[in-house]
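Protein chains in written order, with the numbering used here: chain A, 1 to 334; chain B, 1 to 465; chain C, 1 to 329.
Just so you know, the hints here were simulated from the structure itself, not pulled from any lab data.
Treat the hints loosely; a few may be bogus.
[To be verified] What the simulated footprint calls covered on chain B by chain C, stretch by stretch (three residues with Cβ under 8 Å from a Cβ of chain C suffice, anywhere in the stretch; the number is not a length):
{"hint": "1", "stretch": "264–278"}
{"hint": "2", "stretch": "284–295"}
{"hint": "3", "stretch": "391–401"}
{"hint": "4", "stretch": "434–445"}
[As the list claims (entries may be wrong)] Subject to a maximum C-alpha distance of 25 Å in a straight line, what follows is the list of computed BS3-like cross-link-like pairs (lysine-lysine):
{"hint": "5", "chain 1": "A", "residue 1": "Lys107", "chain 2": "C", "residue 2": "Lys89"}
{"hint": "6", "chain 1": "A", "residue 1": "Lys89", "chain 2": "C", "residue 2": "Lys89"}
{"hint": "7", "chain 1": "C", "residue 1": "Lys89", "chain 2": "A", "residue 2": "Lys125"}
{"hint": "8", "chain 1": "A", "residue 1": "Lys89", "chain 2": "A", "residue 2": "Lys275"}
{"hint": "9", "chain 1": "C", "residue 1": "Lys151", "chain 2": "B", "residue 2": "Lys142"}
[Stated by the list, open to error] Beyond 10 Å from chain A on every Cβ pair, some chain C residues (computed):
{"hint": "10", "residue": "Gln6"}
{"hint": "11", "residue": "Pro86"}
{"hint": "12", "residue": "Trp167"}
Just so we're clear, the structure is a prediction, and the values are computed from it rather than from any experiment.
Every residue, glycine too, gets a C-beta built ideally from N, C-alpha and C.
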Amino acid sequence: MSSDVPTTTSTMTAAGAAAKQSVSGVEAVPGVSKPDPILTVDNVTRRFGGMTAVDVKHLEVQRGIITALIGPNGAGKTTFFNLITGFDKPSSAPKLIGGPKAGEAAKSTFNGRDVGNTGATKVAKMGMVRTFQLTKALSKLTVIENMRLGAKDQPGENLFVSVIKPLWAKREAEITEKAEELLSRFKLLDKKDDMAGSLSGGQKKLLEMARALMSDPVMIMLDEPMAGVNPALTQSLLGHIQALRDEGMTVLFVEHDMHMVRHISDWVVVMAEGKVVAEGPSGTVMDDPAVIDAYLGAHHNTDLGDDSLLTDEVAEELAAEVQNEELTEGEIKA
Amino acid sequence: MTTLVVPRRPDGRARLWRLAATIMLAIVAIITMVSLGASSAEAATPSPTGTAAAVCASDATTGCLQGTIKLPSGDPAVGIKLGIKGGDLDTTVATGSDGKWSQAITVAGPYTITVDTTSIPDGAVLDSAAKNPATVNGALNKNTGYVFKIVGGTTASDGTTTQTPDDATTGITFDRFAQQFVSGIRLGLLLALAAVGLSLIFGTTGLSNFAHGEQVTLGGLLAYLFANVLGLNLILAAIISVVICAATGFFQDAWIWKPLRRRGIGTTQLMIVTIGLSIALQYTFQYFLGASTVRIDQANPVTVDLGPVTLSAQSLISMGIAVVIIAAVGWVLVKTRIGRATRAVSDNPSLAAASGIDVDRIIRIVWTSATALAGLSGVLLGLVLNGVNWQTGLQLLLLMFAAITLGGLGTAFGALAGAMIIGLVVELTNLVLPGDFKYATALIILILVLLVRPQGIFGRRERIG
Amino acid sequence: MDQLLQTLYAILNSAISPQTAALAIAAIGLNIHFGYTGLLNFGQAGFMLIGAYGFAISIIAGLPIILAIIIALVAALIFALILGIPTLKLRGDYLAIVTLSAAEIVRMVGRSSLLTNLTGGSNGITGNEYRSPFTDLSFFGNGSLDIGPFKYDLTGSNGWWFIATAWFVVGLLCLFAWAIMRSPWGRVLRGIREDEDAVRSLGKNVYSYKMQALILGGVIGAIAGIVYILPASLQADSMGRSMTYFIFTALLLGGAATVFGPVLGAIVFFAIRLFVQGIANQFIPSAIMNGQQTEQFAWIVIGVMLMLVVIFRPQGILGNKKELSFDVK
Chain A
1 MSSDVPTTTS TMTAAGAAAK QSVSGVEAVP GVSKPDPILT VDNVTRRFGG MTAVDVKHLE
61 VQRGIITALI GPNGAGKTTF FNLITGFDKP SSAPKLIGGP KAGEAAKSTF NGRDVGNTGA
121 TKVAKMGMVR TFQLTKALSK LTVIENMRLG AKDQPGENLF VSVIKPLWAK REAEITEKAE
181 ELLSRFKLLD KKDDMAGSLS GGQKKLLEMA RALMSDPVMI MLDEPMAGVN PALTQSLLGH
241 IQALRDEGMT VLFVEHDMHM VRHISDWVVV MAEGKVVAEG PSGTVMDDPA VIDAYLGAHH
301 NTDLGDDSLL TDEVAEELAA EVQNEELTEG EIKA
Chain B
1 MTTLVVPRRP DGRARLWRLA ATIMLAIVAI ITMVSLGASS AEAATPSPTG TAAAVCASDA
61 TTGCLQGTIK LPSGDPAVGI KLGIKGGDLD TTVATGSDGK WSQAITVAGP YTITVDTTSI
121 PDGAVLDSAA KNPATVNGAL NKNTGYVFKI VGGTTASDGT TTQTPDDATT GITFDRFAQQ
181 FVSGIRLGLL LALAAVGLSL IFGTTGLSNF AHGEQVTLGG LLAYLFANVL GLNLILAAII
241 SVVICAATGF FQDAWIWKPL RRRGIGTTQL MIVTIGLSIA LQYTFQYFLG ASTVRIDQAN
301 PVTVDLGPVT LSAQSLISMG IAVVIIAAVG WVLVKTRIGR ATRAVSDNPS LAAASGIDVD
361 RIIRIVWTSA TALAGLSGVL LGLVLNGVNW QTGLQLLLLM FAAITLGGLG TAFGALAGAM
421 IIGLVVELTN LVLPGDFKYA TALIILILVL LVRPQGIFGR RERIG
Chain C
1 MDQLLQTLYA ILNSAISPQT AALAIAAIGL NIHFGYTGLL NFGQAGFMLI GAYGFAISII
61 AGLPIILAII IALVAALIFA LILGIPTLKL RGDYLAIVTL SAAEIVRMVG RSSLLTNLTG
121 GSNGITGNEY RSPFTDLSFF GNGSLDIGPF KYDLTGSNGW WFIATAWFVV GLLCLFAWAI
181 MRSPWGRVLR GIREDEDAVR SLGKNVYSYK MQALILGGVI GAIAGIVYIL PASLQADSMG
241 RSMTYFIFTA LLLGGAATVF GPVLGAIVFF AIRLFVQGIA NQFIPSAIMN GQQTEQFAWI
301 VIGVMLMLVV IFRPQGILGN KKELSFDVK
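Okay, chain A solo, but in the shape it has when bound:
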């Protein structure tokens, strides 16, 4: 399993090519419709007090590809993510009394089912599983317990069944086997009995991703999977993300750093000030004036993330950072 994880992002797999192909004919304008959308979002707005954090009129996410959601800090990416996954409610959500007018109310459809007012639990059950920007590995459970927690259909999670072990032991063995398989793929197997809290930041990200996969999601949503991860591990993380797509999963991930994005994503959505300002294939979207505007307009010393900005100086800084970190991730280097 672990051997087929691509170690460099430059290798283009067949599935990757197919994914790029599937959106090749789509026009690069914000809110454009896709040939086979798995997720459709309409009129999602979120206001905090007087400030509008998110205001997305229409967005579609194509099935089976890697879509990156990028934008400068404060663009509303994570808030948007929370809204889609049910962790937050749109201000424009339909209400019984005094809600927005019909046609202006928030509406989102996932895999053909309405998820507009669904809570986080149900969204996850429908197959849209997310990770968090600040990892939520449960640090007081062991790694393997974290993994087991991710699995679906566990009879032992019913209070009345839980008392008698034989009733759930079989399923427990199954999920343990699956968990170990995933852990070995993510190179965490030898840590399985350690408390998750003892893992390094990057390992926690991997664990969180592996845990999300325990439920066999249709779509996996990663909130800044690369944040706080040292560059050595970043490559391996990117490889894992591509591998997920190659297995047929839809991936949507949030990132504010563009050079992480451009090699692996098939489609890029750019947000700024709560709105979708541009979208298109990763190769060309950076040239969109709206994108440059969004980044340069918001931050003078912007981290555009483009390779052109990755000067020698920056590279040296990064290298120094890597050395400073205790290299617990050493064994994970692909």
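Chain A is fixed; fit chains B and C onto it per the hints.
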């Protein structure tokens, strides 16, 4: 699995002992202070009528049966005779000047207690619901209490009794409504004094201080100590009490809470620490005071009639003081630098720290003023409610929590509004339900509000997470 | 020396007394709330009181003992639902305040003079009004039995029958707690204790799990209430806020989130209290501290001990610091 050795900070043990010593020291200090008062109190105020019943002390071979009987007026019922039968006993005891009776027993088991109804003064009868004789289970090494309730009523010559109906059933007249309404405002104001501090502490540190009620009790008890026992002028006594209460807040933060914040101890943990403190303080109060209620001002209150409402002069003055102080607190919060800084810390401590506010200093100020306000509230409550006992603050704590939750956790002005509502609800409940229920209704309203508007009246939705 | 021996006997006797067992049971329930799920229930005494009233009133009404127990447990279940529905979606503080308030409401209503016919008002209900159906179940026979320092009737009030059943229930509940906490159900609870959102993101219905935990721990609290009143009498004020605090102290002392922590904590709690009291009685002249005051002094020590335990050994005697999470959101 690797064994993880929890590293102990080199100075951990030293800190432990310093903290333990501090807490013990603080308690000993309070004990000494109060005991000074209590012992001189006994000397200074010889009981006017009769003698107090001999105090029974339980130990491994002795148990105590005991109780307090009060007249409908709330004054102790003196000289009520009770027959006690059971074990190897068949005896009669009488209540002392404090309305208390007690009987030592050396055999565990059921005892029958019979009230001699002829010893009940005229104008009062035993509550018809009370069992007479009553059976209690006496145990060794334990105090077993039993309460006989006496209510207003008359006894006919043939021995049948007629009970005066309870207040609650006399119907709602405008006069009663007005009276209760004003009482509600009074309770609300005094509650607000204490609750604002609790709310500020919660806002700035995230800590639900379960020992805040004891701060109120402390204020009342200190005022009793200075005014009554040491014979100081009432106003002077009140001022000294409030200053001492402020000092307890200052030193609490300096010696307990700040070091604990530094250790990075979570708010849940700290909350349980305050529960421990609350237990320790309650029993410290009881240690010196027992279960008795002490009156700060023992003179008969002068009453003032305002239309249908009768209030004691002390109530009026207390309400006036409360209004002035609350207004002052509001002004400080809105208009002064410190107040604005306090609100900034409540909003977002790290942001406040980043913008140059000395968060620790603000918290110190908040603790000091919060305990001062609680102490003042205790002094005024002691004057208004005819006395303070070890659980005055304890009973108030729940109302304070209800008030600040109602107003929105951590918002000072919400606490004020919440306190007024709770005060009114508590007192107006008396119009329709017996006194036992007055706190219960306030708490039921709290639960209902949480159902409808969990962030409270003034809270922002975002705060509740 | 004689006094010390007496204190020791008192400690040993209190260690096995049904009341200690009741505190242990209540702490096992609270452990499910606080230790494993992170729910701040400050009304465990209220659950006890609900159970005690449900049981005693049903028996007095002439219902069979099994039905009386079921009624007590169902009453606790309903109480948990009432408390949980408004608060379990909110931050932990709200549950704390609501449970604390609700327990006080139960106590105030229970001792209210309006309900004297039902609850006995502030005097409560004496034990012999509800005890006999339980005593009748005894197969221990009459007479008494002395085992070392323990001298009790076989069946009489506070006798071996009461002690044996109380501790049997403790054992059963420990086994039950162990069984459910090693299961996937327990795993979800421990996940919730640490981070609700993480568990939610994995498709678990956090609200439902918290509710289940609240109900389960509360129902166990009701059992504790029954065990508590069986050898004694039912008085509302004996299950007030202090009781909740004592249960917390016992739980934290023994070790939250452990199977035997609550039991050990309950025993140690009473032992410390009696020990301090005995020592104070022995060594401090009664002119300085009289009998009543030594009792209060013992409680002061308990309060300070709670503070110190929470600060310096939050995992208690048996707990594992790595696993313990106090940070409830």
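Right, here's what the structure says about each hint:
Counting residues of the stretch 264–278 of chain B whose C-beta lies closer than 8 Å to any C-beta of chain C gives 12; at least three are required, and the coverage claim holds. Here the stretch 284–295 of chain B counts 4 residues with a CB under 8 Å from a CB of chain C, which clears the bar of 3, and the coverage holds. Coverage of a stretch by a chain is defined here by at least three residues with a beta carbon nearer than 8 Å to that chain's beta carbons; for the stretch 391–401 of chain B and chain C the count is 3, and the condition holds. Counting residues of the stretch 434–445 of chain B whose C-beta lies closer than 8 Å to any C-beta of chain C gives 7; at least three are required, and the coverage claim holds.
Restraint check for Lys107/A and Lys89/C: the C-alpha separation of about 24 Å stays at or below 25 Å, so the hint holds. Annotation: proposed proximity of Lys89/A to Lys89/C holds, straight-line Cα distance about 14 Å (limit 25 Å). About 19 Å separates the Cα atoms of Lys89/C and Lys125/A, which keeps this hinted pair within 25 Å; it holds. Of the pairs offered as hints, the one joining Lys89/A and Lys275/A holds, with about 17 Å between alpha carbons and a cut-off of 25 Å not exceeded.
Annotation: proposed proximity of Lys151/C to Lys142/B holds, straight-line Cα distance about 18 Å (limit 25 Å). With a cut of 10 Å on Cβ distances, Gln6/C stays outside the contact zone with chain A, its closest approach being about 44 Å. For Pro86/C, the requirement that its beta carbon stay farther than 10 Å from each beta carbon of chain A is met, with the minimum near 17 Å. Every CB of chain A is more than 10 Å from the CB of Trp167/C (nearest about 21 Å), matching its label as outside the interface.
Hint check: no violations occur; every hint is consistent with the structure.
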